[in-house]
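2 protein chains.
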Amino acid sequence: MSKQNEHKNPVPTVDTIIDNNSQVLFIKIIKEPFEGKMVFPGGFIKIGETAEEAAIREVKEETSLDVDLDHILGVYSDPKRDSRGHIMSTVFIGKISPNSQNKEPIAGDGAASIKWVNVEAIEQEDFGFDHKDILKDYIEWKNSKQTFWSSRNKSKTTG
Amino acid sequence: MSKQNEHKNPVPTVDTIIDNNSQVLFIKIIKEPFEGKMVFPGGFIKIGETAEEAAIREVKEETSLDVDLDHILGVYSDPKRDSRGHIMSTVFIGKISPNSQNKEPIAGDGAASIKWVNVEAIEQEDFGFDHKDILKDYIEWKNSKQTFWSSRNKSKTTG
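Protein chains in written order, with the numbering used here: chain A, 7 to 165; chain B, 7 to 165.
Any given hint might turn out to be false.
Pairs count within a copy or across copies, as identical chains cannot be separated in the list.
[Claimed, not checked] Below are the DSSO-like pairs computed for lysine-lysine, each with C-alpha atoms no more than 27 Å apart in a straight line:
1) K37 <-> K151
2) K14 <-> K121
3) K14 <-> K66
4) K138 <-> K52
5) K86 <-> K109
6) K148 <-> K52
7) K37 <-> K138
8) K14 <-> K34
9) K37 <-> K121
10) K151 <-> K101
11) K142 <-> K14
12) K14 <-> K52
13) K86 <-> K52
14) K109 <-> K34
15) K37 <-> K148
16) K109 <-> K121
17) K86 <-> K14
18) K148 <-> K14
19) K148 <-> K101
20) K43 <-> K86
21) K151 <-> K138
22) K151 <-> K14
These are calculated hints, taken from the structure and not from any lab test.
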C-alpha cells in the first residue's frame with residue numbers, strides 16, 4: 007500500500023438515487039463551496055465499510071430514511087467533476103425501505119433541506135457537481151437499463 | 007481534501023472482463039503474494055485519469071490489446087477482498103477493439119501469461135482476490151443484466 011496515497015489515487019464516494027413515483031430525492035447542501043446546490047444524498051466511503059454500506063449510511067444521516075439498494079447506475083470519475091480534488095462516485099439506485107415508507111425525510115448532516123424533484127422538470131433546478139448529468143443518465147436508464155460512466159455521458163452530450 | 011487520505015478511504019481500482027465466445031481473458035500474476043493466481047486485467051486508478059481510462063490502460067499494459075468498454079458489472083469493496091488493504095474495484099465488461107481482433111494477447115507488466123478461461127469450466131482454476139465470485143456474477147449477468155456488489159454476491163452465496 008505504500009505506493010497508494012491521496013496524491014496518487016482518486017478518493018471514492020457514493021451517491022444514491024431514490025425514486026418515488028418519478029420524484030427523485032435531493033438534498034440542498036449547507037456547506038461552501040456548494041451551498042444551496044441540489045445533490046443526491048451521498049458522501050465518502052470510509053476505510054472498512056463497503057460502498058453499499060456507505061450509501062445506506064449516508065442516506066440515513068442526510069435524510070433519516072432507510073434505503074434498499076437495487077442497482078448501480080454507474081461510476082463517475084472525471085477528475086474535474088468535483089472542485090475539491092479528484093473524487094469519484096459510485097451511484098446506486100435504491101428505494102425507500104418498507105420501514106421508512108410512511109416517514110417524511112428529515113434533513114441532517116450537511117443537508118439544509120430535502121427536495122423531491124420531478125424527473126420531467128429538472129431544467130428549473132440548480133444541481134451540484136455532475137449530478138444533473140447523472141440524473142439525465144438515470145432518466146435514460148429507466149428505459150435502457152444500461153450502465154454509465156463520465157466519458158460515456160460526455161460523448162453522448164457532445165456528439 | 008485534508009480529511010481524506012490513505013487511512014480513511016478505500017483505494018480505487020478497476021478490472022475488466024473480456025469475453026470472446028464465452029472464453030474470458032485472465033492473466034496469471036507474477037508478483038507475491040498472488041503469484042500464479044488468475045485475475046482479470048486491471049489495477050489502480052491514478053489521480054487525473056477516469057476509471058474507464060484506467061481500465062483501458064491496464065488491459066493494454068497487461069495484455070497488449072485495445073478494449074472497448076460496454077458495461078459496468080459491479081463495484082466490489084469488501085474490506086477483506088484484498089490482503090494488501092482496503093482496495094475496491096469497479097469491474098467493467100468490454101470486448102476487444104476492432105484493431106486488436108486479429109492480435110494474440112501478449113502478457114506484460116506483472117502478467118506472467120495470458121489464459122482464456124471457458125466460463126463453463128471455472129472450478130478447475132485458481133483465481134486471486136474475489137475474482138472467482140466476480141466471474142460467477144458475470145455468468146449470471148449474461149442472463150439477468152443486473153449489477154452487483156460484494157454483499158449482494160455474499161448474501162447470494164450464503165443464503
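Evaluation of the provided hints:
1. K37 <-> K151: neither (34 Å within a copy, 38 Å between copies)
2. K14 <-> K121: Neither: 36 Å inside a copy, 30 Å across copies.
3. K14 <-> K66: between (31 Å within a copy, 20 Å between copies)
4. K138 <-> K52: both (25 Å within a copy, 25 Å between copies)
5. K86 <-> K109: Neither: 36 Å inside a chain and 35 Å across chains, both beyond 27 Å.
6. K148 <-> K52: neither (30 Å within a copy, 32 Å between copies)
7. K37 <-> K138: within (19 Å within a copy, 43 Å between copies)
8. K14 <-> K34: between (31 Å within a copy, 25 Å between copies)
9. K37 <-> K121: For K37 and K121, the Cα distance is within 27 Å only inside one copy (17 Å; across copies 50 Å).
10. K151 <-> K101: For K151 and K101, both the intra-copy (16 Å) and inter-copy (19 Å) Cα distances are at most 27 Å.
11. K142 <-> K14: Intra 30 Å, inter 31 Å, cutoff 27 Å: neither.
12. K14 <-> K52: Intra 18 Å, inter 6 Å, cutoff 27 Å: intra and inter.
13. K86 <-> K52: Both: 22 Å inside a chain and 14 Å across chains, each within 27 Å.
14. K109 <-> K34: Within one copy only: 19 Å inside, 51 Å across.
15. K37 <-> K148: neither (31 Å within a copy, 43 Å between copies)
16. K109 <-> K121: Answer is within; shortest intra-copy Cα gap is 14 Å, inter-copy 53 Å.
17. K86 <-> K14: both (15 Å within a copy, 22 Å between copies)
18. K148 <-> K14: neither (35 Å within a copy, 34 Å between copies)
19. K148 <-> K101: Answer is both: 14 Å inside a copy and 25 Å across each meet the 27 Å cutoff.
20. K43 <-> K86: within (17 Å within a copy, 36 Å between copies)
21. K151 <-> K138: Both, since 18 Å and 25 Å are each at most 27 Å.
22. K151 <-> K14: neither (33 Å within a copy, 33 Å between copies)
Consistency with the previously given hints fails for numbers 1, 2, 5, 6, 11, 15, 18 and 22, ordered from lowest to highest.
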